[in-house]
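The primary structure of each chain is shown beneath.
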Amino acid sequence: MPCVLSDCPTFDADYQGAIGSKFTVTAICATAPAAISGAAYAGTTLTKAPFTFTVASGVSNLATIVEGAALNALIQIVEACPGGGTKVLRQFDMTDPDHSISAVRIKGV
Amino acid sequence: MSTTTYRAWLILSIVTTATRILAMAQEYPPSVATIQDDLARGDDIKLRTDIEIGAPGSPDEIAKRLLARQLLQIGESASQSIQNGASPAASASTSLVTKSMSSILGLAQEAGAITTSTSGSTTTLTANVQQLFNYLGPDRTRCYVISPTCPFGSQLIRGASVSVSLNSLANSGTSSSSNLTSAALSGLTGVQNPVFNNFTFQENLHGRKKTDITQERFKAAIDEIEGDKKAALINAFLALVDPISDTSKGNAALTAKYVGALGECVTNLKGTRGDAQQVAKVEQDCVNSFADIVQQIPGVDGLLTNFMQAEAAYNTVRDLALTKLFYDSTFALEYDLTNNAKQPLLSTFKVVYGYQHQFHHPGPKPGTVIPGGMLQTTLNGSATLYNSLQGSSEPRVRSAQGSAQVDYTPSTSGKIQAMFSAGYYFQYMIANGLINLPSTDFVPGTVIPLPSNASVLLNTTGPINIGQGKLTLSIKGTSIKIPLAVTGASRTDLIKANRVGGNFGISYDFASLFKK
Chain Y
1 MPCVLSDCPT FDADYQGAIG SKFTVTAICA TAPAAISGAA YAGTTLTKAP FTFTVASGVS
61 NLATIVEGAA LNALIQIVEA CPGGGTKVLR QFDMTDPDHS ISAVRIKGV
Chain W
1 MSTTTYRAWL ILSIVTTATR ILAMAQEYPP SVATIQDDLA RGDDIKLRTD IEIGAPGSPD
61 EIAKRLLARQ LLQIGESASQ SIQNGASPAA SASTSLVTKS MSSILGLAQE AGAITTSTSG
121 STTTLTANVQ QLFNYLGPDR TRCYVISPTC PFGSQLIRGA SVSVSLNSLA NSGTSSSSNL
181 TSAALSGLTG VQNPVFNNFT FQENLHGRKK TDITQERFKA AIDEIEGDKK AALINAFLAL
241 VDPISDTSKG NAALTAKYVG ALGECVTNLK GTRGDAQQVA KVEQDCVNSF ADIVQQIPGV
301 DGLLTNFMQA EAAYNTVRDL ALTKLFYDST FALEYDLTNN AKQPLLSTFK VVYGYQHQFH
361 HPGPKPGTVI PGGMLQTTLN GSATLYNSLQ GSSEPRVRSA QGSAQVDYTP STSGKIQAMF
421 SAGYYFQYMI ANGLINLPST DFVPGTVIPL PSNASVLLNT TGPINIGQGK LTLSIKGTSI
481 KIPLAVTGAS RTDLIKANRV GGNFGISYDF ASLFKK
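Protein chains in written order, with this note's numbering: chain Y, 1 to 109; chain W, 1 to 516.
Isolated chain W, as found in the complex (with noise of 0.2 Å):
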């Protein structure tokens, strides 16, 4: 490839892969067809309101063009490194360019598709697959809740997650005999360990959609997404506008900038009267001087990033309460890779079905019905397998379980809250755990070195049958719940015997406190 061909492939590889990233700001700017309408029917504030910084997607619009800008300038840099010589192998070259793909994948990252946690030295990674392609990917992949239909390739991206748990507190040294117990006991109860924890892909499909949604229903909804997410996104698109428009939190320069580019824009658009290639062009100039205006907000960057990190957040949890008012049943696939400390990799398929149903009651005016008890019911099933036997007899699946649960809501008037549980759970171990001592470790207590590189626990086969019913309390507007159950297991995984137990407690959510 010559350096002028280079050159040019460049530039247009990262603008192109900088627009499709942010490529689904739809309303902003909106269509030649709105504004010819406002500017028909000569409104305007409403065409004011169509054009301005504060119209809906309008950040996301400002964000794309700002990053192009940025990428841009990466790509001219790195192009000419290369016509000062330097060929594109070359590390100033490369790195540029290198540096202008992090920027990319980065800002998947940023933009919320990608989501990180952290607790003690795990931390997890997880993709919104849905998320990533609505930033990568073509407009007609894009599924919503609200969608009327949506085509089935669609239905599994939506529906599609995948995370990835790591431990930077790696223990791939030589265990010591003293802790080969303690090691394998946390292998067996679930305590990880090692440099790769878990990895989880999990596909949720949904049933038929319901077309029946009222506005009581609707609102109801959308008042049970949690407040600090609304919050948080209101705040970070705050932060954005105030500057220019805020006159007691905005900077008076930067105001000024705004209001006068804003007059200038809806002046130059009712210049055109009408005519679609000049409306075309007008409001691509005047959203680029918006953006230059954005751009001179201190921190615009992190501002951005904020934002649509809020954005993605925010509409994560709205999915799922929408979710769960359109769809009465749903249906998952899982499947778990687990890595647990001298223990063979185990791999778990698992299967989840759940329906909920709200009761209604006849309303006291005829044609009315208003709500009554909620019935949720949880079906699961799973298998797993050692993915290695290290050698041993042992069968291939170790164990299968599945459980059964229902929670039944009743409508109550007054403060205080019941819900009422039942639920039974079944494992099988059909085979016995499995521990893996590497042949370089010794028989705990002896300095006798171990053969192989398996080993077999405890007779661990057989059933377990688990049975819990409980009635949870709960105090209507708190946190306050008690929790009152009765459980019987016929054993635990590594103890034959019976155990019978009750439980209560009382839980509060402290993090409430500091919630508006």
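Here chain Y stands alone, though its shape is the one from the complex (with noise of 0.2 Å):
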């Protein structure tokens, strides 16, 4: 089964999927643990695992707050696709953790 959330092709969002359908992200470090610490979408926080939200119309950003084990070390907050596999959404260098805080834009279609 393919990830929920695709490209989008417009500005306007980063990512895209169909309306009411469910997607999971979660945290991954290939080198020291990590974790999602709270996360947000469309009206729904969640502050543990796991972070499941309902994909909504319109354009809603997707906050997350991640944390990791190990300064420098690549963090990629990714859609743990129905699948199996993952679709990364965002990544970067955890190279100052007292910024954890990103959003991504998601946009019902």
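Keep in mind that the hints are not guaranteed to be accurate.
Stated by the list, open to error - Listed next, the in silico BS3-like pairs over lysine-lysine satisfying Cα-Cα at most 25 Å (straight line):
(1) W:K229 with Y:K48
(2) W:K270 with W:K46
(3) W:K46 with Y:K22
(4) W:K219 with Y:K22
(5) W:K324 with Y:K48
(6) W:K324 with W:K476
(7) W:K476 with Y:K48
(8) Y:K87 with W:K270
(9) Y:K48 with W:K481
(10) Y:K87 with W:K219
(11) W:K281 with W:K257
(12) W:K481 with W:K470
(13) W:K270 with Y:K48
(14) Y:K48 with W:K219
To be clear, the hints were calculated from the coordinates, so they are not data collected in a lab.
Once you've looked at the hints, go ahead and assemble the two chains, each given alone in its own frame, into the complex.
Here's what the structure looks like:
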């Protein structure tokens, strides 16, 4: 089963998915432990895993707080796809743990 | 200093200070190498998510730029008044400079480096020295809990905290004989009344950092962070980015502007073909155009302040959780200067050592382990000194204290969680309690004036032994706790008599009812 989210071809959003479909996000890091601390999307705020949301109509921000156990480690925020794979939504080096929150824009189609 | 030189210095110093205050935004805008890599791989989505508002550190960078603009305006106004004939010392120019400096100092509070809390008439200011250095100091002083190594100086900075308590209801007038006794007793029992209440400096150090942290244990530590701190940070962040990107909450005109600016930014970055100088220039143009749009969000100054405070509050509790995970042992040195009503100033030096150990058992599969009980040990030692003997013959050292406590939380699978605690406290009162009775006061119940500024209250010297055993039952998933305790004491501070008592109770955190 493919991932729920796919790249958005227009600049009004970063990713898009079918309205009403559920998606789960998680954090991965190849060299050290990493975890999502909290996440919010379309009015739903979650502070513990699983971070599963339902694609809403319009464009909404998916905000995530991500923590890693090693400085400078490459962190990826990914959709854990139903088929078992992952889709990278954002990746960055954990060079400053004090700026752990970020967001991507998701459009319901 | 000539007017022209002073004007140049003024503008330069204000802008430089503003830049240093928020110079820690590291990932945003991303490095030229990151953008070059995105361009080389033709990864349009990564290029977009790297540069857009919403990337890690972007609100802090926007705040820095907006602040620099505000301070530049203040500096320009001040320099303009100088150019128009006012001397640097004239009130018009100095008030503007003062305004700019107070803005800079106020930012430390807005950014969470200094926090205040008020309880009744007492206000406590606490400075997080690490945060202050993060905002004002050079990059090399930064040290994080997850840093593999930190220079000793950075460790000292990271572990230091300073707080001052002040009371707005000062009782500096002459006491009448009727409230003298109550003032003395309130001083002995710790009820404080004067303008300056307390100063505390604490230095926290850690033992060796653990390197065997598993994904499961890391995730469990992150889950322990208070949910309301996480939610507050998320909400403060979304309050900044939603107005320019969320179609359901945003301002349609601002959203359209932002989408246009982002598209133009990405197109321009692609147009650089990876040339480093061009990439750097386009990146700066992109962030400036985004800052122009963010500046149009109604109440953006307050939103940025809220965000930075929420970020600092979250980082503080996150660091506590990670410190517990990465370090078995902690060591703290503390100095307290206490101003009790009608007593001389007291200095207390304290040493605290803590050790925690998580037991593990072999798991069902070979090579796996499951977490067992948690053992927490705390040792405490302190000495209290009179800063002034007020002419009395009492020893300088008032008392010495030592205590030890062991808490054990077994691993349980049921709904009830138990914690067993045992504690012992020893205090030796070397000196009698001193009360400062000003010579303008009268002997209680009389009109006989007191001849000196000091008096011995009671014969309170000698040892105090207190022991306690406690069982705390809590219901998992709720805030209900039921403590059952037996306490024995050889005497109290003022009464030389044995006391043995039992306590039980039930506590419930009603605030949890309102948490998600």
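Structure-based check of each hint:
1. W:K229 with Y:K48: 13 Å, holds
2. W:K270 with W:K46: Judged against 25 Å, a Cα distance of about 13 Å means the pair holds.
3. W:K46 with Y:K22: 23 Å, holds
4. W:K219 with Y:K22: Status holds; Cα separation ~23 Å.
5. W:K324 with Y:K48: Between K324 of chain W and K48 of chain Y the Cα gap is close to 19 Å, so the pair holds against 25 Å.
6. W:K324 with W:K476: 21 Å, holds
7. W:K476 with Y:K48: With Cα atoms ~16 Å apart, K476 of chain W and K48 of chain Y stay inside 25 Å; holds.
8. Y:K87 with W:K270: 24 Å, holds
9. Y:K48 with W:K481: 23 Å, holds
10. Y:K87 with W:K219: 21 Å, holds
11. W:K281 with W:K257: The hint holds at about 21 Å.
12. W:K481 with W:K470: 12 Å, holds
13. W:K270 with Y:K48: 39 Å, violated
14. Y:K48 with W:K219: 9 Å, holds
The structure fails to meet hint 13 from the earlier list, while all remaining hints are met.
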